[in-house]
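Undergrad: Below are the chains, spelled out letter by letter.
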Amino acid sequence: MSRRPSWLLAAIAGLVLPVAAHAQAPTGKVSIVTSYSKDLTDPIKKAFQAAMPGITLDVQNRNTNAGVKFLEETKANNQVDIFWASAPDAFEALKGKSLLQKYTPKATGIPAKIGQFPINDPDGFYFGFAASGYGIMWNERYVKANKLPEPKEWQDLAAPAYYDHVSMAAPSRSGTTHLTVETILQGEGWDKGWATLKAVAGNFREVTERSFGVPEAVNSGQVGYGIVIDFFAFSSQATGFPVKFVYPSVTTIVPANIAIVANAPNKAGAEAFIEFLLSPAGQNILFDPGIRRLPVNPSVYDKAPAGYPNPFKDPRLNSMVKFDVKTSEHRNNVVDSLFDQIVTFQLADLKGATKAIEDAETALAKKDNAQARTLVKDARALVAAMPVAEAEASATETTGAFTGSKKKEKGARQAELEQKWAAFAKEHYAQAKAKAEEALKLAK
Amino acid sequence: MTRRFAAIPLLGSIGAGRATPGQVVLALGILAFLVLFLIWPVATVIWVAFTEKGSGAFTLVNFYDFARTDLFVRAFWNSFYVSAMAVVFASAFALPLAYITSRFAFRGAAIIQILGFLPLIMPPFVGAVALQLFFGRNGSVNLLLDDWFGFKVPFMDGLNGVVFVQSIHYFPFILINLSAALRNIDRSMEEAAQNLGSSGFRLFRRIVFPLALPGYVAGASLVFVKVFDDLATPLLLNVKDMLAPQAYLRVTSIGITDPMGYVISVVLIVTSVAAMWASSLATRNIDYATVQRGGGGIVRRRLKPWETAAAYAVITLILLLVLAPHFGLLLLSFATIWSFSPLPDAYTVAHYARVFGESSLYIKNTLIYASLAGLIDIAVGTSIAYLVLRTKLPGRVSLDTIATAALAIPGIVLGIGYLRAYYGVQLWDGTPIASLWIIIVLALAIRRLPYALRACHAALQQISVSLEEAAENLGATKIRTVRRVVIPLMTGGLAAGFVTSFATAAVELSATLMLVQSNSDAPLAYGLYVFMQSPAGRGAGAALGVIAVVIVAASTVFSQLLVERDRRSKAGQG
Amino acid sequence: MADPVLKSDIQLKAVDLRIDDVSASYGDHRVLNHINLDVRPGEFFALLGPSGCGKTTLLRTIAGFAQAEAGRIVVGGSDISRLPPWKRDVGMVFQSYALWPHLSVARNVAFGLEERRLPRADIARRVATALDFVGLGQLGDRRPSELSGGQQQRVALARTIAIEPKILLLDEPLSNLDAKLRIQVRRELRNLQQRLGLTTILVTHDQEEANTICDRVAVMSAGEVQQIGTPAELYEQPANLFVAQFLGTANVFEGRVVSAETGRVFESSSGLRFPIATEVDVPDGARLVFRPQDATIVTNDTAAAGAGVISGRIVYREFLGSTLRYGIQADGADLYVDAPFKTGVQPLAPGDLVGVSIAENSVKWLPA
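Residue numbers (our numbering), protein chains in the order written: chain Z, 1 to 444; chain G, 1001 to 1574; chain Y, 2001 to 2368.
Don't read these hints as lab results, they were simulated from the structure. Incorrect hints may appear among the rest.
In silico DSSO-like cross-links for lysine-lysine, where the CA-CA straight-line distance does not exceed 30 Å [what the hints assert, rightly or not]:
id: 1; chain 1: Z; residue 1: K377; chain 2: Z; residue 2: K303
id: 2; chain 1: Z; residue 1: K441; chain 2: Z; residue 2: K152
id: 3; chain 1: Z; residue 1: K106; chain 2: Z; residue 2: K326
id: 4; chain 1: G; residue 1: K1226; chain 2: Z; residue 2: K69
id: 5; chain 1: Z; residue 1: K355; chain 2: G; residue 2: K1226
id: 6; chain 1: Z; residue 1: K377; chain 2: Z; residue 2: K444
id: 7; chain 1: Z; residue 1: K441; chain 2: G; residue 2: K1304
id: 8; chain 1: G; residue 1: K1304; chain 2: Z; residue 2: K147
id: 9; chain 1: Y; residue 1: K2364; chain 2: G; residue 2: K1304
id: 10; chain 1: G; residue 1: K1364; chain 2: Z; residue 2: K46
Where chain Z lies over chain G, by a calculated footprint (3+ residues, C-beta under 8 Å) [said to hold, decoys possible]:
id: 11; region: 1163-1174
id: 12; region: 1237-1244
id: 13; region: 1518-1526
Virtual Cβ for every residue (Gly too), placed ideally from N, Cα, C.
From just these sequences and the hints, can you work out the full model?
TA: And the structure:
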């Protein structure tokens, strides 16, 4: 049995009565598909089952994409009541496929927006229960041993000092990372955003396949820096790992969501769970050291541990990027695949080009050479060049190649697009490397 | 525990003898089992590779796309390279161990053989995590190297890291097959060479190893196929440009309608079958071990003191290396924080407390699933072996071939196939069949069937037909003969088959990850996966991994003892 | 005396072999107990005995595969007992032939020569010669598995003689052949050994095999040599009861010498009386032995039984081809008597009463 802090028990005890009074009938099994780990789900499950003795929660852990897919694959005979995950665009996708059902939470005290982001789906299909922001975490021992700086912005990670020290999950594999990528693209614009991403990616040590792969590598000290969602860093700190975290200014605080699945076998039970989660009792559990999410109910922050970020008060967290969920959802597959084709699967070439550019720049800093400067600039431009423009990325011909609509398509097949993008990136990285090496020769 | 995959007969000969109705029913039953739980589910997955995206019409354009996509071609060759190198390194670990323990009178040979089996039962995730902590870029070894000598060795980087981890994980396949082959060599073969003036390493190279070659090739081809199909290790090491990870990433991320993941699955299956077929061709005419007369195996030589010391040094070195994941796992399970330091900051038993509180269900499920899978395997395995060896039923060898082909099916393909094939099929109350836990058991059973089948085949082959004829002569029917004579005589072999299935099924994740529908039905490997997704769960996951290894190892040793006792009692009567 | 086939390619020399007080044990079990043997140069010598008598262990000790705790093995004047098997130059043909299935016939034969790092040309010549010698010159490219049992054995022999061994060891060479072939092969073996002129030790449990092809035989039992001699010597003058019974069938009676009207007689413990030739000095406690063919059925009329004739009843009859063997019960004792089988003569039948006489000079006495 794990021990919970006593304030938590008190909070739960204080709320058992009202919840119990509200719950008249719901009983039975509530089946939940979630991307959240046991650290988050177990305390909430325990508290909920204590509050509603008639209901048992069955929590199935799947990553966000696999969860969406699972609901799709099994919709003909759905057995799941609740979908519970971070990435809002996963919920947009489910909503678009009519796999969710409407509900209006009765809980009070929750504002309409957190930062620039509406907490609940305006159409009423999914609801924010906690907020998370994206940022950079790093291992202090690693940073100290390698005498590395502490970053503040995404762009910082593009500096030569970070070469081979940074890690991120593939956006195609991690809903939260996808949001980070979208945040940068929406915050800085398509071309500049990709340039930033690729400049940072040139310093990557690795692109992991699971979201948790990044904090895991940072925690154990295999890489120095990770681009992660905040709670990974907070819960790592709470567990005792020597890690730090910062929110860059181009980030967004987005709600983590919960929704009732269409044709849920136990709708009443599902509603009861959502109400519990949004109640102060449920919100308070989010402060648990293993969870560390930002509650969406401002009033519970009174009980937050010292130094806990408060998105409703912290001006820095309030002025962040406005995140357009619709855009994100529409080009979801294209962005993910683009990232994989030009970064994840070309990482060795991208790193080669980046290394060459960084070496040339270092040499130029010592001994300037105008011709070499131009070459390096060209090389940077070559790395930053994109095989697809923003409009093309959102065009139906492109997005259609990934969804596989029933009607015969005019556009290229997915495999053809991917090969084209990959070849484009490979070619450009090779040219960039050649130019940078030439520049290095001149600078010597 | 002899496992040979050297001979895969492709066609059953049409026997002249008449089949009894009982045999026909048995064969049909097994065929139905294989069709329902292997062929059909896999076909539902593979079929996508041949359909046009969107319309679903038949096409081969996907294979054209595969060949034209640089990434896939690169992934194919990377997989090939990694598999081949893993065979090389696994051989480097297995050869000395097999050679020393089977050729010399050696204290602790049995323990070494058991320890050599352990890497096979390393649960997923935790092994690679633990290895990272030792051999990663900032693992214990490299931190110390950097501290003392100012350099690091990239053990775990890129493809070489995959080779390193895979050869540690799968070398027991070579060890087991090679040891068995070495033990089966008639001792006069070796003495004849000595008599003609050969000794030492030349003797090993010219006579002993060539005679053990079929066993070695069987083990090596298994390592090749396993590494080729494995996705967990490359993914954990963040190596994505290999074939199996590409299939997994495709199938589980970008839209279920994307055919490329299935195209890759087909390529995986075809390559695996081709590798097994090639190895069986290569050793078709040189499978000697079985044709030799008794004579009591290879000569065990006594070692001089310095030789003993050298042998122990080599063995210790290899064992330290191949058991590093287990040591790492053990340390991790007792560690508070282990970050960028050669050893953990402090130690605690809290993780075990947490695991015992929360995970007894996983342990129970695992024991049930793995035992049931093992039982199904030896039942089906014995039946197939019986039909192949003792009847003249037409097509009986095809049953063997189909069952063995399960080796070449990646777990993820089977998992998706089960979902596809059985989610639409409902019970009377609307519960999908695919959501029943028995489906997990069946998937595990199918995945492990080839191993158990080989063990049952070997066990039945060793029983003289005359023993059965004697029983029939004394009035026992076929069924009663099997029950009263054949099964009791096969006990040792059956136990070996059961343990192999049980031990490896207990730590299997790839198929179960897709099939677990409810937390209360989840096995240990799944629980471990869930634990390993959070910072606070790392120690607990490691503790669960240690428990898994201990349970599986204990049951392996226990049944090994049973087999030994059984063998001794039979030898006593003989 | 080089064989015309062997020419000068394979040069063999007959040397003597001396086993000097050799003992060996498996754990607490003594398998060889102070063995002493002298085998003469060029001799075909057999180690004969039942299974477990130590004969194979002795052979393996000579080859170096079993370790002697004490004693010396001297071949041609040099002590080889401390050498490892691969330095002994003692050629051995294994019971299972031990042909390596992964090598062709020629490569099998070449093996020992390759180990000795002979020049390629020499190896080729010697391999050809050795295969010609055993009559398999055309089969060098075959795999061992493609040969018959007899051919495999000859390959094993060729492989052994190719290394010019000092002596030749044959471990149960005929045991894997069927009965008909066995008689043919044992003649060939004798013939080959004579042509080779090599000192040869053969291990067998089959007395007929030892008798037909060997010059001398050592009969072994319980880790000890019971008797050494030519086959005829062993048969005629067994040194002890074991040898007497192991080599052919023998009627053995315990008893004592008593005086009777006709002179001294040997009275068996069952009460049968055998006359003793006057000149014979019977040691105290000795047992009486005679072979079935040395007794004669003199009458089928019990009334005619007189002095020196034992009367009894036939209890069974065995047809051995040229002879019939009768089992006769006489006063509670069993004895075997052979009678020639003659076509057209009605043999005696079980139940018939007979009288048996034993020639005095064919009776042997075994000391206690």
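Undergrad: Next step is simple, just say for each hint if it's right about the structure.
TA: So, going through the hints one by one against the coordinates:
1. Z:K377 x Z:K303: violated (52 Å)
2. Z:K441 x Z:K152: violated (33 Å)
3. Z:K106 x Z:K326: holds (26 Å)
4. G:K1226 x Z:K69: Within the cut-off at roughly 27 Å; holds.
5. Z:K355 x G:K1226: violated (36 Å)
6. Z:K377 x Z:K444: Holds. K377 (chain Z) to K444 (chain Z) sits at ~17 Å (cutoff 30 Å).
7. Z:K441 x G:K1304: violated (62 Å)
8. G:K1304 x Z:K147: violated (53 Å)
9. Y:K2364 x G:K1304: Violated: K2364 (chain Y) and K1304 (chain G) sit about 55 Å apart, past 30 Å.
10. G:K1364 x Z:K46: Since the Cα atoms of K1364 (chain G) and K46 (chain Z) sit roughly 21 Å apart, the hinted pair holds (cutoff 30 Å).
11. 1163-1174: Check failed, 0 qualifying residues.
12. 1237-1244: Coverage by chain Z holds for the region 1237-1244 of chain G (3 residues, Cβ < 8 Å).
13. 1518-1526: Coverage by chain Z holds here, the residue count being 3 at a Cβ distance below 8 Å.
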